[in-house]
Amino acid sequence: MTAAIAHRGPDAQGFFATEDAGLGHARLSIVGLGDGQQPMSDASGELTIAFNGEIFNYVELREELQARGRRFRTASDTEVILHLYDEMGEDCLSLLNGDFAFAIWDARRRRMVLARDRMGVRPMFYTRQGERFYFASEVKALLQVPGVSAEIDPVALDQIFTLWAPIAPRTAFRDICELEPAQLMIVQESGVSTRPYWQLDYPDQGAPSRHRCEREAAEELRALLTEATRIRMRADVPVGSYLSGGLDSSITSALAVGMAPGGLRTFSVTFDSAEHDESEFQLEMARALGTQHSAVACREGDIAAVFPEVIRFTERPIIRTAPAPLFKLSGLVREAGLKVVLTGEGADEVFAGYDIFKENRVRRFCARQPGSRIRPHLFRKLYPYLPGLRQQSAEYLASFFGANGHPLGDPLYSHRPRLDGTAATKLFFSGDLRASLANYDAADEMASRLPERFARWHPLHQAQYLEARFLLPGYILSSQGDRMAMAHGIEGRFPFLDHKLVEFAAGLPPEMKLKGLVEKHILREATKDLLPPSIGKRSKQPYRAPDSASFVGAGAADYVEAALSETAIAANGLFNPKAVAKLHEKCRARPASGFRDNAAFVGILSTQLWLEAFTDAGSQSSKAA
Amino acid sequence: MSDTIRDAVKAFVIENFLFGDSSNPLADTDSLIENGIIDSTGVLELVAFIEDRYGITVADADIMPANLDSLARITAFIASKTAAPASA
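If you read the sequences in order, they're chains A and B. The first sequence begins at 1 in the working numbering and counts up by one. The second sequence begins at 1001 in the working numbering and counts up by one.
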């Protein structure tokens, strides 16, 4: 099992076993290089931990523990968790500021304690086989267990083709579950129990906020973000930074540059197509900060070249190709000799940066005066990069965005256009798959997972929660985040997802985050002295990569024809072979297809590659084709 | 005439937006947007089809759901434009 995930920890492997339990660990050495080997036991030998991630406030926790008489044998953050658990049991989780997934074997109580960080940065999967319980950082380790099968879960496929990701604990694999973020799981002879140790929360709509003064809020934000960055620069190896050219990674890089002994290294990905490329802004920011900057080009054909490998690491079908360039980027970092990078991910969820938040506001604005011929034109302003919207009338714009008539009380109101637009890809599901999913609705399941307090929140906070609770851990931090970085043994760190900053931002009045249609307003205010005006005032440029166009024309790879052939599609039984053939033909003839066609193409291709990578049936159908 | 137009439009919609899935019970008055059949890019594909097939120019002001959001509306729109090309 450990060998299957050696890419996550290429520096060392260690094992621990008793009659009751066993732990294996692949180590990426970052803190306590010489003495942080795992699994690590405490002095009594009764507590043993295997831990992936970092506890960023371990220095302060260690000092407090030492002040209480605790003696340390290593310089690692791992030992801090052991001492805290020894003192407090699972209540120690409330003190940890970090990105972690760990397992502690508690021999005294004969139980295994599993926990995952609050926002879902580090993964944890599990399965049962008879009387035995298995867990690992990636599914491919669990597939080494005799008897564990790699069958696709049709409901997970429905969720991916509606919500972009499965809803944890469900995974793409029928037999394998994922521990949800901020969850604690205790496995013992009497059974398995799971409970949350932290919850994302927002104030009731209309409740008085403690943040009345914008200037004071901006100062507090700056202090929290600076501290979040400072503790994420802690490592016994150099820490670099991703630099996309947008606001968020520019801020984290600007804060980090003064905290990096020997200077900061920054890393970017560039594209041939002007529509996706941000190299002008990347270079401007790198020059302004004086970083040692490196970039990897994502050229025509590159996405297709790495895509099968990308799916082997996402371990789930995906409907966008955006993880592929990040796979190349982490490879660049590894080639440069680094193994830790800061990223700007999380700022859009925490400070309301995504277009969908503005779209929600415009839709509600339009709904106040149905039939307005002026208000719907605001949608065009939100999506200047979508050519399909440029020529549309107010009536069409209102229809596309469901701005007239959709019930405002729908808890998923903010996300309905995206959910409906994505679910249109299910047109390609085969008759058998549709029959197996009869009466199932992924959006309904999403709505059923919302907490009771959700109804009391401001519409912006409701939309933020949907992003932070579902898409962030299920796709952004997973398929685009941990899995692409760890494919090359790179640890990503996320200052914007520091839980103290997340809690602070959740408590801010909505208008400080989304001011009119200006996203992340308070963040811009708090950091305007850090950035050149051309960066600080930039509108959100969504991170996107070419989708179906990556797999047709000059960039076409041989495997695409085989994977999408009518024989291979029919053999796997999930999609309609003739419809897929027509889609393939349409994308070949018109690479600039719309969202539905692109998402369907990438989703179907990635499902075929997933089946080939993980199941015997998929592998054989591809060979037959 | 209208039946011919309707059949051609329906064939285009089934081929281009439903990828040959003729089992979809698409009624003549069903909204193409509300049924998830067409999106913003799809509208432009539909306009290109009308222009190419019927040799007419669809003005920006005509690209509206009232003209294009169902088989019946598209058929009526094309019929009106082809019946009076001089005034189009």
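It should be emphasised that the hints constitute simulated quantities derived from the structure, not laboratory data. Glycine included, C-beta positions come from ideal geometry on N, C-alpha and C. There could be a bad hint or two in this list.
[Said to hold, decoys possible] The following residues of chain A were derived to be distant from chain B, with all beta-carbon distances above 12 Å: (1) E189; (2) G191; (3) S193; (4) F379; (5) E395; (6) A581; (7) G594.
[What the hints assert, rightly or not] Okay, the calculated beta carbon distance ranges per label pair: (8) D1003(B) <-> E445(A): 42 to 48 Å; (9) A336(A) <-> D1030(B): 53 to 59 Å; (10) R1053(B) <-> R434(A): 54 to 60 Å; (11) D1030(B) <-> D432(A): 40 to 46 Å; (12) A1011(B) <-> P370(A): 32 to 38 Å; (13) E445(A) <-> A1083(B): 48 to 54 Å; (14) D616(A) <-> D1003(B): 31 to 37 Å; (15) D410(A) <-> D1003(B): 26 to 32 Å; (16) R1053(B) <-> V148(A): 51 to 57 Å; (17) A207(A) <-> A1079(B): 39 to 45 Å; (18) A336(A) <-> R1053(B): 54 to 60 Å; (19) D1030(B) <-> A435(A): 19 to 25 Å.
Exercise for the section: Mind listing which of the numbered hints don't hold for this structure, in increasing order? Expected result: 4, 5, 6, 7, 10, 11, 14, 15 and 17
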